[in-house]
Structures are given as C-alpha cells and as structure tokens.
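Colleague: Those protein sequence lines, which keep their order, are chains H and X. Residues are numbered in the numbering used here as their position in the first sequence, beginning at 1, plus a constant of 86. Residues are numbered in the numbering used here as their position in the second sequence, beginning at 1, plus a constant of 144.
If you're looking for bench data, these hints aren't it; they were derived computationally from the structure. Treat the hints with caution; some may be incorrect.
Sample of chain X residues at the chain H side, in silico, Cβ under 7 Å [claimed, not checked]:
{"#": "1", "residue": "G192"}
{"#": "2", "residue": "F198"}
{"#": "3", "residue": "L220"}
Okay, the calculated bits of chain H under chain X, using three or more residues with CB under 8 Å as the criterion [what the hints assert, rightly or not]:
{"#": "4", "stretch": "97-110"}
{"#": "5", "stretch": "122-128"}
{"#": "6", "stretch": "131-141"}
{"#": "7", "stretch": "145-154"}
Label pairs and their in silico Cβ distance ranges [unchecked claim]:
{"#": "8", "chain 1": "H", "residue 1": "A111", "chain 2": "X", "residue 2": "A164", "range": "28 to 38 Å"}
{"#": "9", "chain 1": "X", "residue 1": "I188", "chain 2": "H", "residue 2": "R118", "range": "25 to 35 Å"}
{"#": "10", "chain 1": "H", "residue 1": "G99", "chain 2": "X", "residue 2": "A156", "range": "23 to 33 Å"}
{"#": "11", "chain 1": "X", "residue 1": "L206", "chain 2": "H", "residue 2": "A143", "range": "30 to 40 Å"}
{"#": "12", "chain 1": "X", "residue 1": "R217", "chain 2": "H", "residue 2": "G146", "range": "24 to 34 Å"}
{"#": "13", "chain 1": "X", "residue 1": "P180", "chain 2": "H", "residue 2": "G116", "range": "46 to 56 Å"}
{"#": "14", "chain 1": "H", "residue 1": "R136", "chain 2": "X", "residue 2": "G272", "range": "36 to 46 Å"}
{"#": "15", "chain 1": "H", "residue 1": "V96", "chain 2": "X", "residue 2": "S249", "range": "27 to 37 Å"}
From the three backbone atoms N, C-alpha and C, an ideal C-beta is built for every residue, glycine too.
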Amino acid sequence: MSATRIVTLVAYGLALVLIVVLEVAGRREGSRVPTLAQLCGFVMRYRVGRVPLGRVALLGFWWWVGFHFFAR
Amino acid sequence: MDQQSPVAAESAPPRWHAPARAVGFVGASLAVGAFPSFSLRSTITMIGLGGAFFWLGVTRRLTRHPAVRRIARQALWWLVPVLVFATFELVSFALGSTPAHPTLSALADPVLQHYWARAAVFLGWISGYWALVKR
C-alpha cells in the first residue's frame, strides 16, 4: 500500500472522527456547538428572494449523493 | 403527567407513521440492495425516489421541525472536517482517483458490491434524506 493511499485513508478517517466528535460536543448540555441537524436546519433557511436556495442546495446535494453511489 | 396542548395534539402525526415509515425504509433498502449499479432499476429508483423526496422537501406538504434562526460562531468548527475531506477528495479526483489517490467513491465501490452493505448504506441515505426533508 502506497504512502499517499495511507495518508488519504487517514484523512478520510480523521474527517469522520471529527464529525462524530463535533456531533457529540453539540449534544452536550449548554453546548454552543450546533449539532449537524441544527446546522443543516440553519443552512436550509437561506433564501434568495422567494427561492429557498439553502433548502434546494442541501436536498439536491443529498439526491446527487444517492444517485452517485447507487445508480451511476 | 404530561399532556399535549390541543395545538400540538392536532399537529402531531398519528402514532403509526413512524413504525410504518421504518418498515417502508427497511423494505426499500432490502429491495434496492439487490439493484446493481448502472442498471435501469437503480437509475429509475434513484430518479423517482430522490425526486419525490426532493419535491416533498421543497414544498410545504409535510410539517417541519422548528426553524433554526441563529447559531453560534462555534458552528465554524464544522468547517474543519469538511475542509479535510474536501481537500483530499478534490486532490484525489484531480489526480485521477487511482489506488494511490483514491476518492471516496473508489473506496466505496467494492464495499457497495455486497448486498447487505449496499442495503445498509441505502438505509442510511434514505433516512438522512428524510431528516433533511423534515428540517
């Protein structure tokens, strides 16, 4: 296994661990770190005029993720 | 003893919704787990199901969780994992997604060839999509 592959795998793993850490931190009593759900809810409120841009962007992104992994 | 207010009781979904939804999601996952990539079945499923959820999420047909009106500056911590992942993903993609520089898709493909893994990941995807729809 090449060194670059190991570094890349470690980086992906680190990102996953950080997500778990932030989620756990966000769920603690009195935490000022938002949970992932709260963050998504905040982003989804973003509008440009009458267009719910944040909502369309997140829902569209998740749709693309599913299509990419299951149908491509 | 807790009592729901009349408004909450009126807006609360029937009790059978959650278990029915869980059964539906698990059933869909068990079915989609058998659909191979690049197949017509998986393409139609992802377009149809994804489109239906997208439409449900954009329209106001479902009750949503209360809006999050503001978040603290500590939300910026979420940029750290996003940037770590995005940096390595984009560099790997730019370098051609080789075994030495694998993208997440390249790592996931061999895993998703197994039925149970595919069904489990699909269950996570559809549950996450529903959570976004209700936000």
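Colleague: Take the hints in turn and mark each one as holding or not.
Modeller: Hints, one by one, checked against the model:
Hint status for X/G192 relative to chain H: violated, with the closest Cβ pair at about 11 Å, above 7 Å. Nearest Cβ of chain H to the Cβ of X/F198: about 5 Å, under the 7 Å cut. The hint holds. Among the interface hints, the one on X/L220 is violated; its C-beta lies about 10 Å from the nearest C-beta in chain H, farther than the 7 Å criterion. For the stretch 97-110 of chain H, the stated coverage by chain X is satisfied: 8 residues place a CB nearer than 8 Å to a CB of that chain, which reaches the threshold of 3.
Remark: the stretch 122-128 of chain H is confirmed as covered by chain X, as 7 of its residues place a Cβ nearer than 8 Å to a Cβ of that chain, reaching the required three. For the stretch 131-141 of chain H, the stated coverage by chain X is satisfied: 3 residues place a CB nearer than 8 Å to a CB of that chain, which reaches the threshold of 3. Taking a C-beta to C-beta cut-off of 8 Å, the stretch 145-154 of chain H contributes 8 residues in contact with chain X, enough for the three needed, and the coverage statement holds. In this structure, H/A111 and X/A164 meet the distance hint of 28 to 38 Å, their C-beta atoms being roughly 34 Å apart.
As the Cβ distance of X/I188 to H/R118 is approximately 45 Å, the hint placing it in 25 to 35 Å is violated. In this structure, H/G99 and X/A156 break the distance hint of 23 to 33 Å, their C-beta atoms being roughly 40 Å apart. Under the hint 30 to 40 Å, the C-beta atoms of X/L206 and H/A143, about 19 Å apart, miss the expected range. Roughly 27 Å separates the CB atoms of X/R217 and H/G146, a value that falls within the hinted 24 to 34 Å.
Hint check: X/P180 to H/G116, Cβ distance near 48 Å, so the stated range 46 to 56 Å holds. In this structure the supplied range 36 to 46 Å is violated for H/R136 paired with X/G272, their Cβ-Cβ distance being about 27 Å. Distance hint check: the CB atoms of H/V96 and X/S249 are about 18 Å apart, inconsistent with the given range 27 to 37 Å.
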